[in-house]
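For the record, in the sequence shown the residue sitting at position 73 is 1235 according to our numbering, with numbers rising by one throughout.
Note that these hints are calculated values from the structure, not bench results.
Computed from a predicted model, the values in this text were never measured in an experiment.
All residues carry an ideal CB built from backbone N, CA and C; glycine is no exception.
Please note that a few of the clues may not be correct.
What the hints assert, rightly or not - Have a look at the derived ranges for each label pair, beta carbon to beta carbon:
(1) R1260 / R1478: 46 to 54 Å
(2) I1353 / A1265: 42 to 50 Å
(3) V1462 / R1221: 12 to 20 Å
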Amino acid sequence: MLGANLDLMGAVTRMVLAGPGCHSRMLLAAAAAAVLSFSTGTEAFGQRATGTIEGTVRRLDDGAPLPFALVRLRAPGDEDLGAPGVLTDSGGRYRFLRVEPGAFQLQLELIGYERVHSPVLRVESGATLTHDLTSAFEPIRITGIIVRPEGSCVTADLLHEDEELAGLWNEARKGIEARRAFDLQYRYATILEQDVYVRLRLMRDRLDMRVDTIINQPDSVLVREERRHARQRDHGYGVRGALALTLPNERDLLADEFLQDHCLAAPVVGEDGSIGVVFRPVRPSADRVDIRGTIWLAPVSFQIRRLTLDWVEGERSIARGTIVYEDVPVLGHTLRLPVHGQLDGRMSGPMRAVVLGASAPVRFSYRAFELWGRR
């Protein structure tokens, strides 16, 4: 049996292609999640009242509101509180609900630009604090590509020592965090179209065409994300000898835990000028399906352009894939999302006597965006 798991846009798609004479089937489990509210701690019985922080994010030059900007709430002196943060709406407005009384700072993040921090703000019980943020759009300055010893690879505990690589990684993560915040605030549908071509050794090749709709449900995004990461930690990115592959989404690759068993090699420059952040397993194993690949970023904006992936058993490649990202119209503005891609794999082991491999062009479209109710 030939299979391929596609884990994209927070959705898990299991595509199973049976051998000759059997039917093909696809199982979908839509992921999602989202809450507009953000709490700095767990509320319990008898806990004191909390407060609210809200405001508008604007451009410094003309005062125009900034939609889809990522705002974090952090303790003074800390990078952030570990929470996803919130995105501003179409009018540049943001809101943090159920904030425990105390001192905090707001942190504005825009891909390709320096972070903006508010002064220390004090939240009072039962009160609403209004604070606006402005951005002068100071560009991030990242040094040129540095030549490193061949084979060198940077793990999470050493990333802070490599200013260039850490800068690229952090800019890529800004886009991913903005995307996570969007999924936590908006309900919408992703239409996934797939044309799966199965190459058979002694029979005519087969084509399985699928169109499926995946609903992003904001109230379950984080739970499903953690379950997905747990599966990847425990079982890797596929089933050996079956060509049952898991395609990670961009949030998986840029999560903190990803660099626990993967590392970053020296960045590369593509033919189109894209900057490639190269990753690979720290300890490749022939007994486990893992991934290596490159996250390609635009040279100025640092927006993600594409992912190129290689599924490996040890050092041996068993499948390859590319996912292309573009700006997609969303509620009068744009958001960087995957739009199309290509997956190709070859069968190994006893099944290769019947099935040579498979290829699957994939296409994404989006509709029915709806702001999730404020809590």
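Hint check, failures only = Failing hints: none at all.
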